[in-house]
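Protein chains in written order, with the working numbering: chain F, 1 to 216; chain A, 217 to 432.
Bear in mind the hints are in silico, worked out from the structure with no lab data behind them. Treat the hints loosely; a few may be bogus.
Stated by the list, open to error - Straight line, CA to CA, 20 Å or less: simulated DMTMM-like cross-link-like pairs of lysine to aspartate or glutamate:
#1 Lys271(A) to Glu107(F)
#2 Lys55(F) to Glu361(A)
#3 Lys182(F) to Asp320(A)
#4 Lys271(A) to Glu62(F)
#5 Lys271(A) to Asp156(F)
#6 Lys398(A) to Glu153(F)
#7 Lys55(F) to Asp320(A)
What the hints assert, rightly or not - Some chain A residues judged to face chain F by a derived CB distance under 10 Å, without partners named:
#8 Arg329
#9 Gln330
#10 Val331
#11 Leu362
#12 Asp373
Remember, predicted model here, so these are calculated numbers, not experimental data. Beta carbons: idealized from backbone N, C-alpha and C, even for Gly.
Number of protein chains: 2
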Amino acid sequence: METYSIHMRIGELSKRTGVPVPTIKYYLREGLLPSGELTSHNQAQYGEEHLRRLKLIRALTEAGKLSVAAAREVLTAVDRPADGLHAVLGVAQQAVTPQVTPVDTAEWARAERQVDELVARHGWQVTAENPARSALAQLVVTLRELEQDDLLELLDDYAAAAGRLATAELAAIARREGVAGKVEGAVVGTVLGDALIAGLRRLAQEDASHRIFEAR
Amino acid sequence: METYSIHMRIGELSKRTGVPVPTIKYYLREGLLPSGELTSHNQAQYGEEHLRRLKLIRALTEAGKLSVAAAREVLTAVDRPADGLHAVLGVAQQAVTPQVTPVDTAEWARAERQVDELVARHGWQVTAENPARSALAQLVVTLRELEQDDLLELLDDYAAAAGRLATAELAAIARREGVAGKVEGAVVGTVLGDALIAGLRRLAQEDASHRIFEAR
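With the hints as constraints, model all of the structure from the sequences given.
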């Protein structure tokens with residue numbers, strides 16, 4: 001980590017991040033990027049923290065595919081580390097989890113019960129407000145409608161894997177020094193972790209498909 | 217599985233699936249849903265296979281968040297089971313994996329090498345065309361830019377978990393009778409599996425965060 005501070009115009013900020021100047025101005029207007037320090041009535045200069053924030057914005061919106069509105073929510077939480085890591089992680093989860101509205105049917109009630117039982121079996125402490133509950137209930141309803149009950153039998157294996165990975169990830173973040181780095185790690189891990197696992201799953205699937213369907 | 221065949225008008229098809237009639241007509245025009253059997257010059261009737269296909273379309277586009285164009289590609293592959301399961305799975309993967317264009321930088325080359333080494337370490341047989349290679353390289357570049365190298369150290373744990381889950385999933389599909397069911401399972405598993413794992417990860421994260429950051 002370089003400790004000297006740098007000062008640059010918006011053009012230099014653009015050059016060093018590959019983000020076009022009009023896009024940087026848009027992020028400034030939308031409040032995702034804090035204003036620079038005014039050096040004259042129409043010029044501002046930017047520092048190391050702007051460079052870092054701009055990279056984080058790109059990570060959330062490009063690799064993480066968040067909308068600008070969702071990225072702003074996450075960044076607002078990042079800027080309030082005093083709320084505690086657990087709270088910041090909650091906001092990041094809300095921003096990246098699809099909001100699903102429960103449906104008043106017997107199938108839905110049965111799926112919700114199945115998710116609750118799974119949570120209990122794995123001994124997870126999870127609040128009723130976690131948006132993933134409804135997202136999972138919807139997936140269970142869909143898989144059952146499609147008569148894919150054998151895939152639902154894999155849920156516990158998937159949950160055990162998710163549990164191990166979440167623990168390893170948060171333990172790595174807990175080892176970091178400083179609150180800012182921990183908060184950033186929690187956010188980045190949540191948002192980019194999904195894409196990382198999906199990508200690895202594609203590679204592993206091709207290999208498994210080759211072994212199971214092709215090579216015999 | 218009911219073996220008697222059913223016949224219904226488009227209105228009944230709509231009622232039984234919750235999909236509005238104009239949306240069904242759109243799917244018919246776009247070739248996602250095969251035409252019904254004409255019973256007069258402006259009336260058609262639909263059967264069990266339409267009901268099933270319509271549910272699959274909804275699963276891909278709603279729970280799986282595929283575009284109509286991506287869903288059509290997947291369904292075209294589903295309708296060519298003679299190509300073999302391995303090929304159908306490849307098409308499903310293409311449709312659900314973000315297409316990332318490699319960049320000609322030293323950082324990108326280093327990230328691609330890291331992905332290749334990971335694939336070799338896990339003994340995976342993966343073609344150079346698998347779109348997840350570039351998607352993963354982009355994530356590695358992003359994580360390194362954000363100085364999240366400690367999260368990159370978890371990649372092998374994530375890969376091992378992805379390998380176990382992919383093997384369990386494809387083994388379950390291989391146990392099914394009939395090609396059509398296997399093909400549908402491969403597609404549904406690929407598309408909905410990501411959302412399933414993401415949802416379980418959210419629940420496990422809240423629990424791990426509670427244990428690691430709150431409760432001590």
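Here is what the structure says about each hint:
{"no.": "1", "hint": "Lys271(A) to Glu107(F)", "in the structure": "holds, 15 Å"}
{"no.": "2", "hint": "Lys55(F) to Glu361(A)", "in the structure": "holds, 7 Å"}
{"no.": "3", "hint": "Lys182(F) to Asp320(A)", "in the structure": "violated, 32 Å"}
{"no.": "4", "hint": "Lys271(A) to Glu62(F)", "in the structure": "violated, 31 Å"}
{"no.": "5", "hint": "Lys271(A) to Asp156(F)", "in the structure": "violated, 25 Å"}
{"no.": "6", "hint": "Lys398(A) to Glu153(F)", "in the structure": "holds, 16 Å"}
{"no.": "7", "hint": "Lys55(F) to Asp320(A)", "in the structure": "holds, 19 Å"}
{"no.": "8", "hint": "Arg329", "in the structure": "violated, 15 Å"}
{"no.": "9", "hint": "Gln330", "in the structure": "violated, 12 Å"}
{"no.": "10", "hint": "Val331", "in the structure": "holds, 8 Å"}
{"no.": "11", "hint": "Leu362", "in the structure": "holds, 6 Å"}
{"no.": "12", "hint": "Asp373", "in the structure": "holds, 6 Å"}
Checked against the numbered hints above, the structure breaks hints 3, 4, 5, 8, 9 and satisfies the rest.
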